[in-house]
Amino acid sequence: MKILNLAKQAILVPAGIQDADIEKIMGRLLGPSVDAADIYFQSSHSESWVMEGGIIKEGSHSIEQGVGVRAVSGEKTGFAYSDRIELPVLLEAANNVRAIGRQGQDAQIGLIHAANSVQYYPVANPLKSLGEQQKIDLLRQVDAETRKLDHRIEEVIISLSGVHETILVANQDGSLAADIRPLVRMNVSVIVVENGRREQGSMGGGGRSDYNYFVDLNRALEYGREAVRQALVNLEAQEAPAGNMTVVLGSGWPGILLHEAIGHGLEGDFNRKGTSAFSGRVGERVASDLCTVVDDGTLPGRRGSLSIDDEGTPTENTVLIENGILKGYMQDKLNARLMGVKSTGNGRRESYASLPMPRMTNTYMLAGKHNPEEIIKSVKKGLYAKNFAGGQVDITSGKFVFSASEAYLIENGKITRPVKGATLIGNGPDVLTKVSMVGSDLALDSGVGSCGKEGQSVPVGVGQPTLKIDGITVGGTSV
Amino acid sequence: MQNQQEVNRLKDIVQNLLDEAKQQGATAAEAGLSQEDGLSVSVRLGDVETIEHHCSQGLGITVYFGQRKGSASTTDLSLASIKETVSAACSIARYTSEDEYAGLPEQALLATHFPDLDLNHPWAISADEAIALAIECEDVARNYDVEITNSEGASVNTHQGIHVLGNSLGFLEGSLTTRHSLSCSVLAQRGESMQRDYWYSVARNANNLEAAVEVGKKAAQRTLRRLEGRSLSTRQCPVLYSAEIASGLLSSFVGAISGGSLYRKSSFLLNALDTQVFPEFVHIHEQPHLKGALGSSAYDNEGVATQARDLVTDGILRSYVLGSYSARKLGLHSTGNAGGVRNLTIDPGVLDFDSLLKQMDTGLLVTELMGQGVNILTGDYSRGAAGFWVENGQIQYPVEEITIAGNLKDMLRNIVAIGGDVDYRGNVRTGSILVERMSIAGQ
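So the protein sequences, as listed, match chains H and R. So the first sequence is residues 1 to 479, counted in the working numbering. So the second sequence is residues 1 to 443, counted in the working numbering.
In isolation and in its complexed conformation, chain H is listed as follows (with noise of 0.2 Å):
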């Protein structure tokens, strides 16, 4: 129950808004053929810091509140969201939604208090975890020890940046569901410059937690000592070669090859809408033996993480494929109702002012039991894509991108010489059947995803173990 006190203190106190105030306005949602309705309470204060030139050149600081009201009737959806938390703008909104079915009488609703089971997170304030001056200094230590590292070294840009969000979320069973959840993010990015050639190299990450994360071990140094390293290889890079070839992924954040090859063409609405290239696939093989996927919202800590989603659902760990069989999708309340399932708390949302769909969370594969290195030998030529900068999938075709940040040839057995970024570009449905090495290297992302769909961006995580992919097509430029 403290979470939900805490909420209802962030939130509705501060709007006079009543429990009787929302029976009221789900009252007036529920219309007689309402299925489902929600209303989602949201209070997000942010800030974010930017080191640049060796100064604290950029500071800023937004809250973002509102309240968004929802009421679907059978494959129908009513939604509007006001800024302005008050019981007259929120029954207008609710007489707005509601038109979406039959006309008729107010429902009669009693608010139940859902308790949260777990929490995978810490509920203080990130933004206070911190003194400013510790930020200050924290950013000043990070950009003066990175500086040493290479006299090579031009620029460094460094961020910093935390959020403090509280939802709250009602739905039509009359249950009102409640989470805190902090998000804290640093990147370090350098650009390196010899002989007049100039390169960069990035390197961040955070979680659910506060800015100790990265005064602990010493992440935030260890991103500034990984950007270096990186923009380095850089400046060594040759162009990549062009055309199809066996592709060793290294382990963490290349993981987004299963955010974008499969992940979104397991989501839910896709799949009830028989839109994705995954449709109707349960319980076939869309992989080789060696690979288990699974979005598991319930990690501690991580960025992708989520006690509950934004429909007051519990997140799960959900197991996606299970050696090389599919096993299901990611739902959120709408679809899994639709597709007679249960909800498998991936109903997200960017904000109140945007529709929930199913999202993913934090998207994984599971060790295998090779030894890294032993992948690595086992291909004569082919190449080795250590890291990657962003993708995008195709979901009806099929068609994924990804692009390679750091990459290197593998000439027998041995990873040779570095090559500039080259885009991956595969098939979802048939690029993990050509998985034929998995690692024991298991390792999740730093904490650094962001993820797109029809505008709404939502934080998440990927990782996986070192992959052996048999023939993957290379976009470089060395023909």
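It is worth saying that the hints were derived from the structure and are not from the lab. Check before you lean on any hint, since a few could be wrong.
Said to hold, decoys possible - Covered, in the sense of this in silico footprint (three residues per stretch, anywhere, with C-beta under 8 Å from a C-beta of chain H), are these stretches of chain R:
| hint | region |
| --- | --- |
| 1 | 5-14 |
| 2 | 260-269 |
What the hints assert, rightly or not - Residues from chain R shown here face chain H by an in silico Cβ test under 10 Å; the list is partial:
| hint | residue |
| --- | --- |
| 3 | Asp-47 |
| 4 | Glu-84 |
| 5 | Thr-85 |
| 6 | Asp-99 |
| 7 | Ala-102 |
| 8 | Met-194 |
| 9 | Leu-377 |
| 10 | Thr-378 |
| 11 | Ser-382 |
Just so it is clear, the structure is predicted and the values come from calculations on it, not from any experiment. Even for Gly, the Cβ is constructed at its ideal location relative to N, Cα and C.
Starting from the known structure of chain H, fit chain R onto it as the hints suggest.
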């Protein structure tokens, strides 16, 4: 919906913000406020899917204490919230560093003339009418061919926004703008091959939207032509960027000549001013005062007057794209581009689309690009692509699961032709662009 009175009310709030900043000790300040209303409906398989009522607002302020700066924003426009937001910005400015380049724009560059750019045309369409229009559009697409087997639906959106900008140099201006759109996306299937594509129309004035039947028809045609796409073998060949995606090439060019990339020296066009960046027949200019256009505005995001100007003439780079901060960093003056370029236009060539195919003879027509894969610092370019293989100036078959790669510096220099088939929908207006040679990776 909203009118000049409302603009004046919001101007008062912005003035309050600026006054409050002064009260709290700021030596200079800039504030902006936006309010947007709108309706979005989507239909799928002939029935309503969503009806969304939009109504949002937000304000932001940047304060300066000498050369130190702080910013804050909020969605709450109450008086109490204004005070808090200003004090949050002021408190941040205590911790940021002196930055000799920080500050408001030069007073002399601020806009003083505010011509009516014909940007405000509210669309009095009810939810029921919007639904009917979307259904009409989707029906055309769904009934276009038996191979159109499924749909992601059609949608109608209408938005009106008020944006007010003010600063402590006395600039205080508001504008009312509207934006309406109609879009449709359908799926086609033939055997194992399933494809999806879309078409949309967007305009300031709903009367200028393409007809629903046209949008539906194009969505269906674009989807059908992709069926049974295949990969290509790895090769080098000419690449024709179709007009609707060619704007991406120009956007990368603009990214490389933008102040932020230049003063950070993270551009492949460093020191390229007055040098040959494109072939001689290329002319690129900005037209910020075009009536009714999507990118039009009399002033930029800092209040600096925008003006029609040449960026490239005879293939030579004539000007950068600068806001006040980056201009000062570079020892130059703002070009009125805080927030980007406005109605960037590359002079169309004489060849229509079919003539461009003939000129290319054999090569790749690209109609879709995927992924990031563009490095503005180095110019390295490698993106996922889909399109059509062309021989003897004729489209042969659809291709997919390939990448196209090159270096932007060479690609811009090696543009062979620009089509007359201009896509006017976006802020960047261009015809199709033919690039002499790129690397294609496939199976």
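Hint check:
1. 5-14: violated (count 0)
2. 260-269: holds (count 3)
3. Asp-47: This hint holds: R/Asp-47 lies near chain H, its Cβ roughly 7 Å from the closest one there, short of 10 Å.
4. Glu-84: 8 Å, holds
5. Thr-85: At about 7 Å, which falls below the 10 Å cut-off, the nearest Cβ of chain H leaves the hint on R/Thr-85 intact, so it holds.
6. Asp-99: Holds: closest Cβ of chain H sits about 6 Å from R/Asp-99, inside 10 Å.
7. Ala-102: This hint holds: R/Ala-102 lies near chain H, its Cβ roughly 8 Å from the closest one there, short of 10 Å.
8. Met-194: The hint holds - R/Met-194 has a Cβ within 10 Å of chain H, the shortest such distance being about 6 Å.
9. Leu-377: 6 Å, holds
10. Thr-378: This hint holds: R/Thr-378 lies near chain H, its Cβ roughly 7 Å from the closest one there, short of 10 Å.
11. Ser-382: Holds, about 4 Å.
Going through the hint list in order, the structure does not satisfy hint 1, though it satisfies all others.
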